[in-house]
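Asks: Going line by line, the protein sequences match chains A and B.
Residue numbering for the first sequence follows the working numbering, beginning at 1 and increasing consecutively.
Residue numbering for the second sequence follows the working numbering, beginning at 1001 and increasing consecutively.
If you're looking for bench data, these hints aren't it; they were derived computationally from the structure.
Check the hints yourself; a few may be wrong.
Calculated cross-link-like contacts (lysine-lysine; reagent style DSBU-like; alpha-carbon spacing at most 30 angstroms) [claimed, not checked]:
no.: 1; chain 1: B; residue 1: K1071; chain 2: A; residue 2: K13
no.: 2; chain 1: B; residue 1: K1042; chain 2: B; residue 2: K1056
no.: 3; chain 1: B; residue 1: K1056; chain 2: B; residue 2: K1037
no.: 4; chain 1: A; residue 1: K13; chain 2: B; residue 2: K1037
no.: 5; chain 1: B; residue 1: K1071; chain 2: B; residue 2: K1056
no.: 6; chain 1: B; residue 1: K1068; chain 2: B; residue 2: K1056
Everything numeric in this text was worked out from a predicted model, so none of it was measured.
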Amino acid sequence: ETGVTQSPTHLIKTRGQQVTLRCSSQSGHNTVSWYQQALGQGPQFIFQYYREEENGRGNFPPRFSGLQFPNYSSELNVNALELDDSALYLCASSRGNVRGGTEAFFGQGTRLTVV
Amino acid sequence: GESVGLHLPTLSVQEGDNSIINCAYSNSASDYFIWYKQESGKGPQFIIDIRSNMDKRQGQRVTVLLNKTVKHLSLQIAATQPGDSAVYFCAVPSGGYNKLIFGAGTRLAVHP
């Protein structure tokens, strides 16, 4: 167990709806990153939050947005859901820059299905 | 842009054999590499990492080899066990922050 928890574990939504996914980071970690993992693919970076500010964004449209709270937990919001948004959404927390050797710990993910 | 690719989508081995999973990367300036294991229904789990000033690093039953000349790294698993069955990803940090670029993954299937 990594100490990173995500909720819910599974979710089914209808196209056009909005969804909020939640992540509790590991104790002592101030950085949270979100990834989208389509079936059979590697995770793709959505964005990262550091001390409640967005600190980098991948190639995802603005309908993907996020928040980080003072306790460093985080939310991922997706508006106007599309069928292609069906994927496993992963949250990773770390205490600093992965490039510096700080390990990023992943949660178990939220499986989102859009119908 | 920066990319990471794995050579084989699936690798089948017999229990007890050694496994070798390969990965190629595109950015010669990459200086840090990470291997993750992802079991079914779980998030990626850190296995081992290596910096570009090293060409080999060993962990418990795992060894990572880095060849910067051809921009290739490999993960070797000794005496593969059924519990090693999973998808293995190599990942490279990109940019000035924590963005990780993942390859597509290699599924390791261990047969008794």
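Asks: Taken at face value, is the distance from the CA of K1056 (chain B) to the CA of K1068 (chain B) at most 30 angstroms?
Replies: 11 angstroms, holds
Asks: Within a Cα-Cα threshold of 30 angstroms, do K1071 (chain B) and K1056 (chain B) meet the stated pairing?
Replies: 14 angstroms, holds
Asks: Is the Cα-Cα distance between K13 (chain A) and K1037 (chain B) 30 angstroms or less?
Replies: 29 angstroms, holds
Asks: Is it true that the CA of K1071 (chain B) sits at most 30 angstroms from the CA of K13 (chain A)?
Replies: This hinted pair is violated, its Cα atoms lying about 42 angstroms apart.
Asks: Can the restraint linking K1056 (chain B) and K1037 (chain B) be considered satisfied, given a maximum Cα separation of 30 angstroms?
Replies: Within the cut-off at roughly 19 angstroms; holds.
Asks: Just to be careful, I want the Cα atoms of K1042 (chain B) and K1056 (chain B) compared with a cutoff of 30 angstroms; is the pair within it?
Replies: 28 angstroms, holds
Hint violations for this structure: number 1 only, all remaining hints satisfied.
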